[in-house]
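S.K.: Take these sequences, add in the hints, and give me the full structure.
The lines below spell out each chain.
2 protein chains.
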Amino acid sequence: MGSYFKENKTRIISELSQWLSIPTISALPEFKPEIKRGTQWLSEHLEGIGLNNVEIIPTEQDAPPIVYADWLEAGSDKPTVLIYGHYDVQPADPIDEWVSAPFDPQVRDDKIYARGANDNKGQHFIILKAIEALLSEDKGKLPNIKLFLEGEEEVGGTHLEEFIKENSKKLSADICLIADTPMLGPDQPSIITGLRGLVYMELIVNSAKTDMHSGHYGGNVHNPIQVLSWILSKLKDENGKVLIPYFYDDVKEWSPKERAKINEVTMSEGEIIEHTGVRVLFGEEEYSPIERFGIRPTLDINGIWGGFSGEGPKTVIPKTAGAKVSIRMVAHQDPEKIEQSFKDYVTSITPKGVDIKFKTYSKEPAIIIDPSNKYFQTAVEALKDVFGKEPKFVMEGGSIPVGGHIKKYLDIDTIYMGFGLPDDNLHAPNEKFNLGMLDKGIETTIKFLKELT
Amino acid sequence: MGSYFKENKTRIISELSQWLSIPTISALPEFKPEIKRGTQWLSEHLEGIGLNNVEIIPTEQDAPPIVYADWLEAGSDKPTVLIYGHYDVQPADPIDEWVSAPFDPQVRDDKIYARGANDNKGQHFIILKAIEALLSEDKGKLPNIKLFLEGEEEVGGTHLEEFIKENSKKLSADICLIADTPMLGPDQPSIITGLRGLVYMELIVNSAKTDMHSGHYGGNVHNPIQVLSWILSKLKDENGKVLIPYFYDDVKEWSPKERAKINEVTMSEGEIIEHTGVRVLFGEEEYSPIERFGIRPTLDINGIWGGFSGEGPKTVIPKTAGAKVSIRMVAHQDPEKIEQSFKDYVTSITPKGVDIKFKTYSKEPAIIIDPSNKYFQTAVEALKDVFGKEPKFVMEGGSIPVGGHIKKYLDIDTIYMGFGLPDDNLHAPNEKFNLGMLDKGIETTIKFLKELT
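Protein chains in written order, with our numbering: chain V, 407 to 859; chain G, 407 to 859.
Just so you know, the hints here were simulated from the structure itself, not pulled from any lab data.
Because identical chains cannot be distinguished in the list, a pair is counted as satisfied if it fits within a single copy or across any two copies.
Computed list of lysine-lysine pairs in DSS-like fashion (alpha-carbon distance at most 25 Å, straight line): (1) Lys763 with Lys640; (2) Lys615 with Lys517; (3) Lys749 with Lys640; (4) Lys640 with Lys758; (5) Lys813 with Lys780; (6) Lys743 with Lys658.
M.R.: Written out as structure tokens, the structure reads:
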């Protein structure tokens with residue numbers, strides 16, 4: 407007998423393609439109508455699979471709404487599973503590097519290509535199809551479900567935290583399930599035992615009231631791009647160490663035994679080189695790649711701009727230049743302290759007479775999951791059953807801020823069980839999702855949910 | 407009796423406005439049709455003022471053509487003046503900082519605002535109107551004229567040098583006149599005795615074959631923006647010294663007496679602050695602002711790009727980042743040597759495993775003018791007459807590469823007599839030209855030309 411995916415393959419791929427074809431980009435205001443179209447499509451789909459009380463809940467300042475649905479017919483003796491996902495996707499630029507258009511989903515070589523194919527439409531689609539399978543074929547085996555999907559994940563929106571805080575009763579549950587993380591490989595199941603936190607900031611350097619001609623003023627004035635390069639060059643040294651004072655002060659130290667366990671998961675140099683095309687690895691020498699990924703904090707410049715970037719030369723000294731900088735934090739680091747140290751340090755190294763302004767987009771701590779949690783154990787068993795192999799435990803380098811809010815306001819833990827692969831090109835051109843992982847993901851999630859009833 | 411400008415003010419402003427309304431931007435391919443429209447307008451205008459043999463001369467690779475015209479009726483006993491200008495303008499971005507649209511010229515407070523109002527349309531318009539005045543009112547007082555205007559000045563095009571080299575007979579003359587430089591102030595005439603050279607380069611840093619998610623790969627790979635910041639931070643130190651090895655080796659040292667003469671021209675801190683809005687000056691401590699401007703080489707980053715620069719956060723590590731860098735050279739520095747030192751140095755400080763590529767847009771030496779030249783003396787007298795004040799001699803910080811080509815291939819000197827002002831916002835939003843300077847410029851140029859017959 408085939409799996410639920412195999413038995414319904416044509417329909418499921420067609421539905422997922424519909425979902426992926428709606429460019430629900432939250433970062434760019436011009437895509438607002440698509441956000442609306444997306445939430446409408448989603449609501450209809452949630453109703454279609456048999457969920458109740460579907461609602462599109464507006465947020466303040468006309469930000470992307472939250473879509474809610476539930477199914478509470480399992481009875482009060484059964485646990486309630488809260489499911490979170492996000493329907494917004496990253497911008498698709500650089501567009502010209504996509505093999506097929508980002509919002510024209512295409513299946514090639516048993517993979518579906520589109521922006522959001524993994525992050526997060528493909529991933530939450532797994533849970534939707536698992537619920538659909540149980541509602542249509544085995545209703546008695548579904549626990550109570552509360553499901554919400556937000557549209558501001560990719561822009562670090564603040565409305566979700568408000569929503570969770572104000573709706574703690576509506577969202578009350580026994581456990582939260584999120585599919586927004588990768589697996590180690592198609593044949594190596596894994597599950598998340600930790601996630602890095604994220605502080606994301608923008609800095610703008612200004613030196614003058616107008617752009618200047620470099621022939622006239624070159625040699626006599628500060629150039630904001632030069633100033634920015636001085637600042638950014640002092641954020642990280644050429645050994646990969648972050649240079650912000652106090653940055654490493656609170657970082658959790660792991661025992662040799664714990665580090666050995668973490669290193670059971672391999673993340674080889676060859677693997678990273680194959681997936682990214684980098685020619686060498688670069689990071690803290692005294693840690694392995696998997697440790698740098700999971701238990702070490704880091705800092706990256708995610709964007710920079712200033713002056714003339716068109717074709718040809720333009721001899722301008724711009725009045726302003728800017729950059730976006732993100733810090734991935736690990737256990738025990740305090741985002742408030744990190745943000746403040748960053749601002750204090752950057753201000754202290756900015757030359758006199760040059761202004762610097764900061765904007766914070768995100769400020770979320772790292773998360774650590776207790777492996778003795780019974781729901782976690784259920785997930786581990788489900789993975790083992792479907793993949794035929796013991797799942798490995800992974801400290802994940804990415805960040806999912808919502809887990810922290812759920813812990814804080816609903817007082818429940820979260821199971822991070824996603825089915826992406828490391829080469830899925832998240833946030834990059836040619837994002838994809840393997841149909842084999844979609845298949846196994848649905849089977850695993852069905853087993854997990856069934857086991858809770 | 408009024409000046410030629412005052413007597414024809416409405417017509418002259420209307421003609422100049424027509425000229426300024428054509429967006430002859432050479433840096434952006436989409437403006438190619440406007441280049442064509444511009445050269446047609448210009449040709450008709452040159453014929454209209456009475457010049458002969460008007461030609462639009464195509465260049466290779468369909469680059470902007472050269473417009474030529476002459477008037478050789480003064481007789482072979484009279485000198486021939488070669489006139490150079492450029493009809494192309496800088497891109498207008500950032501557009502939203504213009505008070506009035508860049509290609510919708512407006513007169514406010516006796517100044518005309520538009521892209522190109524100074525550089526170079528307003529400036530060469532002065533010479534055109536001086537020729538027009540003499541041709542219409544005093545033909546016997548005009549020397550022989552050969553005039554050519556190019557369309558690649560703002561992109562450092564290479565076709566002009568070819569053109570001059572191949573047409574040395576057609577362009578043969580006794581002296582060249584160029585209006586493309588500023589005056590010290592509306593009431594302080596000045597004339598150029600030197601110009602800085604220019605090496606303009608682009609550098610592109612690449613570390614991977616694809617953009618990467620900073621959560622997945624942050625801590626394990628090189629970030630090209632971080633690498634670029636390390637490189638750029640090492641180009642200039644925090645005292646304003648360029649750090650490229652051998653950079654200052656050939657720089658002409660000036661005697662205390664020469665430096666005293668150069669410092670007769672004041673360029674005060676207050677002036678620069680007023681014109682640019684910078685809060686402090688920044689440059690080599692041991693030189694005055696006017697020395698840093700005229701006799702000291704410098705380096706500026708004119709543009710930078712990489713990663714995500716849109717609104718909001720995007721957690722990407724881009725595969726590529728780039729910057730544009732220009733070096734202003736002074737007397738005795740060799741552009742070839744400077745370019746090579748720059749490339750060698752940058753390559754030597756680029757981390758292993760990261761690729762760097764260079765592109766050179768411009769490579770022109772500095773120019774020094776001999777004040778004992780008789781045509782230079784004629785220009786000085788004309789300035790003195792019209793402004794009622796002895797002109798000051800200025801070592802100019804900007805670069806006009808064509809002067810070097812004219813010296814090399816035609817073996818004549820160039821008089822750089824322009825009428826811009828330091829606050830004209832060249833290459834920046836709200837570029838303008840003072841109508842009072844247009845007026846005095848035409849009168850001075852008429853006197854200069856008359857004196858040569």
